[in-house]
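Residue-level listing of the chains:
Protein chains: 4
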Amino acid sequence: MNFTFKITCTDEKGLVYRISEVLLENGLNIIKNDEFVDSKKSLFFMRTEVEGIADPNKVIARLKDQIGNCEIELSSNKPKDVVVFVTREHHCLSDLLIRNQFKDLNFNILAVIGNYENLRELTEKFQIPFHYISTENITRDEHENLIKETLQNYEFDYVVLAKFMRILSSDFVSNFKGKIINIHHSFLPAFIGANPYKQAFERGVKIIGATAHFVTNDLDEGPIIYQDIIKVTHSKTAKDLAKLGRDVEKNVLANALKLVFEDKVFIDGNKTIIFE
Amino acid sequence: MNFTFKITCTDEKGLVYRISEVLLENGLNIIKNDEFVDSKKSLFFMRTEVEGIADPNKVIARLKDQIGNCEIELSSNKPKDVVVFVTREHHCLSDLLIRNQFKDLNFNILAVIGNYENLRELTEKFQIPFHYISTENITRDEHENLIKETLQNYEFDYVVLAKFMRILSSDFVSNFKGKIINIHHSFLPAFIGANPYKQAFERGVKIIGATAHFVTNDLDEGPIIYQDIIKVTHSKTAKDLAKLGRDVEKNVLANALKLVFEDKVFIDGNKTIIFE
Amino acid sequence: MNFTFKITCTDEKGLVYRISEVLLENGLNIIKNDEFVDSKKSLFFMRTEVEGIADPNKVIARLKDQIGNCEIELSSNKPKDVVVFVTREHHCLSDLLIRNQFKDLNFNILAVIGNYENLRELTEKFQIPFHYISTENITRDEHENLIKETLQNYEFDYVVLAKFMRILSSDFVSNFKGKIINIHHSFLPAFIGANPYKQAFERGVKIIGATAHFVTNDLDEGPIIYQDIIKVTHSKTAKDLAKLGRDVEKNVLANALKLVFEDKVFIDGNKTIIFE
Amino acid sequence: MNFTFKITCTDEKGLVYRISEVLLENGLNIIKNDEFVDSKKSLFFMRTEVEGIADPNKVIARLKDQIGNCEIELSSNKPKDVVVFVTREHHCLSDLLIRNQFKDLNFNILAVIGNYENLRELTEKFQIPFHYISTENITRDEHENLIKETLQNYEFDYVVLAKFMRILSSDFVSNFKGKIINIHHSFLPAFIGANPYKQAFERGVKIIGATAHFVTNDLDEGPIIYQDIIKVTHSKTAKDLAKLGRDVEKNVLANALKLVFEDKVFIDGNKTIIFE
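Chains as they are written, first to last, in this note's numbering: chain A, 216 to 491; chain B, 216 to 491; chain C, 216 to 491; chain D, 216 to 491.
Read the hints as simulated data drawn from the structure, not as lab findings.
Treat the hints with care, since some could be wrong.
[What the hints assert, rightly or not] BS3-like cross-link-like pairs, simulated, lysine-lysine; straight-line CA separation at most 27 Å:
(1) C:Lys-340 to A:Lys-295
(2) A:Lys-256 to A:Lys-221
(3) B:Lys-458 to D:Lys-454
(4) B:Lys-221 to B:Lys-340
(5) A:Lys-247 to A:Lys-295
(6) C:Lys-413 to A:Lys-446
(7) C:Lys-413 to C:Lys-340
(8) A:Lys-451 to B:Lys-273
(9) C:Lys-318 to C:Lys-221
(10) D:Lys-279 to D:Lys-221
(11) D:Lys-454 to B:Lys-247
(12) B:Lys-273 to B:Lys-293
(13) D:Lys-451 to B:Lys-479
(14) D:Lys-451 to A:Lys-221
(15) A:Lys-255 to B:Lys-221
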């Protein structure tokens with residue numbers, strides 16, 4: 216059986232020694248190990264895949280004895296449970312529904328929450344519950360409270376903003392720290408804000424891109440997980456760019472989720488450490 | 216013999232007909248033709264490569280009769296004459312000197328102008344004159360006047376800013392409209408300004424890039440010719456990013472110059488039309 | 216109203232002139248024009264987008280008078296009608312069904328033909344007929360005859376082989392010249408044949424790719440439309456490579472179809488001419 | 216002070232523990248650690264960067280006590296000493312000479328050996344000795360013997376074949392196992408053999424690439440270090456492809472050498488393990 220441990224610590228000498236001692240005691244063989252020290256912040260990040268027969272909880276208990284002040288996370292390769300938020304655009308949701316249906320990504324979609332009705336039909340084709348929570352005639356706080364009520368019905372690991380075009384409040388975000396992933400419609404930090412493809416067209420860029428990131432207080436400023444781009448030419452209209460951009464967005468989101476759902480991503484302040 | 220015509224016009228019906236009539240009259244065969252209309256601005260751009268025996272000046276005279284209000288440019292595939300401006304970094308200059316030496320780019324470097332002495336030795340290895348024009352103890356205007364004086368010794372088609380870290384005045388730039396090409400140390404419009412790689416590091420981006428563009432009044436806002444990127448990871452320091460960035464910069468500049476020096480680039484306001 | 220003409224001809228002087236004359240006579244304005252001469256074969260390819268009010272059939276009739284020996288194709292931007300062939304893998308079909316549902320590609324899927332039953336459910340979710348034509352206990356000829364019978368119920372422009380793992384006979388292919396598009400599970404011409412990802416793994420490549428091409432007599436040798444790659448590392452197993460490869464395959468197929476369905480692709484022997 | 220250890224071992228439990236114990240005993244802090252097990256071959260690869268004050272030879276002696284059967288390599292970040300072999304093409308050599316001059320790569324070029332005279336002038340511009348060893352009127356064995364004699368004057372870590380267009384004998388190669396790096400003019404395993412760009416042109420590919428690899432008995436079959444590609448279109452001639460290919464070749468070679476010279480590459484049979 217294979218486990219993956221993710222360990223985050225204040226850096227000090229001997230951490231690898233003490234961790235590997237525990238693993239050896241428990242008869243575990245390390246088959247892939249990645250470690251990185253952010254020397255500026257003196258933070259230690261380690262991801263270790265082991266094989267062998269052992270009670271993971273016993274291992275964690277021993278690790279806690281040895282490196283008590285560290286954050287230790289065990290991943291049993293269990294699929295992550297996910298709620299998806301959408302607005303009106305289908306492309307990221309479609310891709311996630313297909314990947315969910317065919318187990319192409321290490322996750323289960325528990326539900327989709329939308330502030331429009333138009334993606335209900337698509338969602339329900341795949342036997343996933345769709346919750347329509349309109350923003351009409353209510354404040355953002357009221358809207359977020361309705362979302363929170365709905366979320367209480369689900370035990371989820373992550374919320375994925377799959378082209379959810381509302382800005383979540385700091386209060387909402389702080390309830391789910393490191394658990395919300397967004398796809399941003401441009402190559403951050405360029406073209407922050409509305410109509411990025413129109414902005415890109417006006418500027419005459421030769422490249423457009425997308426960025427997937429964890430959501431912190433500010434929608435576009437959280438730790439970046441994955442970015443990619445495609446090349447474009449003068450012959451593309453703003454509408455063409457938006458269309459091409461949708462393909463980049465959906466691919467970037469899928470790549471970022473793959474990394475997160477395989478427990479390869481650590482958050483380090485406003486950055487990510489990724490062991491591929 | 217092959218010629219290339221570049222024609223820019225206010226769009227109207229019949230332009231292709233009238234142009235192709237002149238070419239046919241002169242016994243020329245069109246072997247590659249690209250045309251694009253910027254319909255917002257109602258501008259017509261055409262690039263046509265022809266083969267055949269004809270006096271190009273006679274052809275241009277006839278074209279002027281037919282489409283008098285158009286800008287008509289003849290390119291005989293003659294290498295472009297270029298003056299290169301540098302500051303202290305060698306990587307773009309090195310690449311251009313090598314390409315010049317081995318005729319890998321359709322250009323001749325006439326001279327290099329630097330505001331430091333350190334690139335003289337490299338430049339002179341390749342028998343290219345190096346003009347040291349210091350900025351010390353003089354105003355920007357005085358510095359630019361010294362540059363202009365030096366430029367008067369050369370009949371050049373283009374000025375290439377190969378990591379020239381001074382901002383040229385509007386006045387200087389307006390003297391050489393569409394003739395100055397710059398390499399910018401980031402993927403515009405992200406990270407405008409100083410220390411882009413430090414900015415990129417702080418932001419934790421997963422991609423860094425570079426942008427080559429024509430220089431207009433504002434150093435970083437001219438029509439973009441070429442952009443490219445590379446992927447990076449958390450393990451790169453700001454210094455690593457700068458080093459990787461240098462490779463991108465030199466490749467982006469070479470690609471942009473290749474397009475310009477093969478007469479494939481039109482300027483359309485703050486954008487470029489590129490027929491590859 | 217906009218039309219697109221695609222013209223293929225033996226090259227001779229005056230073609231552009233005679234074509235543009237007809238367009239002008241009919242009051243049409245050329246808004247995008249691309250032309251290329253394959254000088255080795257002396258073949259002329261032209262794609263021209265025009266705007267204006269005219270009877271396209273009248274225009275074609277006049278073009279035939281003027282350039283009689285040429286192949287002239289009119290595209291009214293009408294979506295292409297398509298039959299999709301599949302075997303067992305879903306990823307390309309899923310992508311096409313989603314794009315069909317949301318009109319993200321200029322096509323209509325008329326039907327899906329599969330030699331397994333497993334993709335029926337997915338296909339029918341999107342109200343597309345699924346025809347199961349097993350290969351069991353019959354010869355290839357018999358199987359192809361059954362397919363041909365089914366195809367007779369549809370007026371289609373293209374057949375798309377979306378991971379159809381059977382080799383079509385020369386006879387079958389010759390019935391649909393230039394009308395069958397395949398996605399090949401590797402970066403041709405590397406790793407032709409079975410288990411390309413295992414081959415790639417054994418060879419330790421750092422890049423894997425996919426190729427979309429028109430099908431000619433030999434499944435893997437037709438004119439290439441689009442290719443792309445992703446970078447991989449030593450830590451990927453053959454199974455991981457196959458999984459990553461599926462994403463490349465589906466993206467490459469979608470990009471190729473976009474080009475073909477927007478009438479941007481000409482076939483020139485075993486190559487394609489593509490005006491983007 | 217920072218060291219890097221590279222350790223290759225038959226896999227067994229407790230290796231990380233025993234290694235990290237030695238490092239801790241010696242007061243060393245692990246700042247970056249990568250480990251990978253090739254489970255098919257049961258081989259363990261580890262690269263560890265440490266900081267601290269210690270006598271590396273003492274550390275290695277202790278490591279040998281602990282994990283005696285392993286291959287242990289210490290890298291003190293000292294630049295690698297390199298001899299470059301060339302034939303007639305300049306582009307890879309030019310790039311290496313520039314990087315050597317400006318310390319852009321962790322290496323020193325000791326000498327260049329060429330079977331033509333034409334690259335002498337370029338090499339000597341940079342004060343590097345150039346040895347002309349012609350192949351005329353002598354057998355391959357005689358030629359290789361002359362090369363070996365010249366090599367005896369240099370204490371080198373690596374030989375770089377920078378477009379050396381001769382096939383080295385098994386005998387020669389076996390003298391320098393894992394020490395010869397070649398740049399191959401195509402995206403292996405496609406287009407093996409002569410005139411790859413002509414082959415690519417004839418096939419109408421939309422991508423061309425290059426491969427850097429260690430040389431084993433067969434010139435094109437050694438462990439791949441780095442590969443990259445660029446996209447091309449129908450409008451490129453075989454000559455254009457060759458020219459574009461040169462830029463890819465030189466970039467791929469530089470990227471591969473960067474990895475090798477920073478001690479990030481392990482050889483694992485006919486593959487490489489690379490910890491970036």
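field: Broken hints, by number
entry: The structure conflicts with hints 3, 4, 6, 7, 8, 14, 15, although it agrees with all the remaining ones.
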